[in-house]
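Enquirer: Could you put together the complete structure from these sequences and hints?
The opening position of the sequence shown corresponds to residue 268 in our numbering, with each subsequent residue numbered one higher.
No lab work stands behind these hints: they were computed from the structure.
Since the model is a prediction, treat every value here as computed from it, not as a measurement.
It cannot be assumed that every hint is accurate.
Stated by the list, open to error - Result set (BS3-like, lysine-lysine): computed pairs, CA atoms no more than 25 Å apart in a straight line:
| no. | residue 1 | residue 2 |
| --- | --- | --- |
| 1 | 574 | 598 |
| 2 | 561 | 594 |
| 3 | 360 | 373 |
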Amino acid sequence: MIPTDIIELLEKALEEKIGKFEIQQDDGKGSGQSYLGDMLFLTLKNKNEKLNVVVKQASSTVSENTKEFMSSSYLNEIYFYTKLVPNYIEFQKSFPKSQRFDNIPKCLAASTEKGNEKLVLENLLVDNYEMYPRNIPVTDEMYQEIFKVYGKYHGLSLAFKKYQPEKFSELASCFSSHFKKFLDHGILKKAIIVTCCEVQKHLEAIGEKELGRKFEKYVLNGPKLFSDCLLYRSPFSVIIHGDSWISNLMFKFNKSKKIEDIKMIDFQMVICGSPVLDLTYILYSRASAPTLDKLDHFLAIYYNSVKNNLEQYDCDIGELFSFEDLKQEWKEHHAFGFLMSLVISFDGSIENEV
Numbered sequence: 268m269i270p271t272d273i274i275e276l277l278e279k280a281l282e283e284k285i286g287k288f289e290i291q292q293d294d295g296k297g298s299g300q301s302y303l304g305d306m307l308f309l310t311l312k313n314k315n316e317k318l319n320v321v322v323k324q325a326s327s328t329v330s331e332n333t334k335e336f337m338s339s340s341y342l343n344e345i346y347f348y349t350k351l352v353p354n355y356i357e358f359q360k361s362f363p364k365s366q367r368f369d370n371i372p373k374c375l376a377a378s379t380e381k382g383n384e385k386l387v388l389e390n391l392l393v394d395n396y397e398m399y400p401r402n403i404p405v406t407d408e409m410y411q412e413i414f415k416v417y418g419k420y421h422g423l424s425l426a427f428k429k430y431q432p433e434k435f436s437e438l439a440s441c442f443s444s445h446f447k448k449f450l451d452h453g454i455l456k457k458a459i460i461v462t463c464c465e466v467q468k469h470l471e472a473i474g475e476k477e478l479g480r481k482f483e484k485y486v487l488n489g490p491k492l493f494s495d496c497l498l499y500r501s502p503f504s505v506i507i508h509g510d511s512w513i514s515n516l517m518f519k520f521n522k523s524k525k526i527e528d529i530k531m532i533d534f535q536m537v538i539c540g541s542p543v544l545d546l547t548y549i550l551y552s553r554a555s556a557p558t559l560d561k562l563d564h565f566l567a568i569y570y571n572s573v574k575n576n577l578e579q580y581d582c583d584i585g586e587l588f589s590f591e592d593l594k595q596e597w598k599e600h601h602a603f604g605f606l607m608s609l610v611i612s613f614d615g616s617i618e619n620e621v
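Expert: Structure follows, in structure tokens:
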């Protein structure tokens, strides 16, 4: 039995009464729970149409001290889909020849009711999008396509900021920094400290004295380095995904197993910040050692993607963001992705990572 509040939200998405549709609940191909709530996979069909959706909703079973954080996280994602994305769409319409950014699922409806926040999104699984295994390093070919997508996403943000700076600032100010909340609450601070101590012990055990010496700054000051990245603002700030590791991307492959498309999902941690926060997290969290040695190669791919997208909006990337600026950003703000990657690797949930 589908709850009444979900029925009402589906009717909003369909713009008609649900009684005309047959509703089937699916298993989501094994996906039933999200980290910050529950997911319900539904198929709605009548004689004329068929709609496959996923309803994301704040879990009703969480503890009282978690409810406020969950509510705020869902409001972040709802704001992304219902406020930021429509502004991006209208902006792109003013450049008819530009290629629309469509690397996110369509949002059909949303509810901001306190403690009962929900989103109705298109179900990407039925269109053969899939998650990448969490315990397998991402290939160079995949990283090339991933960095191109982030280049499109950040490029659109830079162009929007150039033409509509006041609107950009207004929209950016409405996102909550949930990583900062994690730090302030003490959960993430403790995780960073414990993880860095474990890494230091590991380096000592294998005789990596020089590497251990270089790592000392993270042991002594990890939470502060992480926090500084979150507080960063500069001319290069964009609306970033925030939680950009491999589990928040979905891939569609062709018959030759080549990537046909990529969708970014789960925008609950969206903030305004350095583009390298997204890039460092996605690279450090799943790259092999040989891939990490090719950093400049992947930065060049990303930069060219940003450049190509800015050109669609009559923007000169040299006036907004140089390649040297990008490399400097990486040097100054890599701690975010580096530390997050260590935390998720040492949390015990992913095998064979240490």
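Enquirer: Could you work out which of the previously given hints the structure breaks and list their numbers from low to high?
Expert: none
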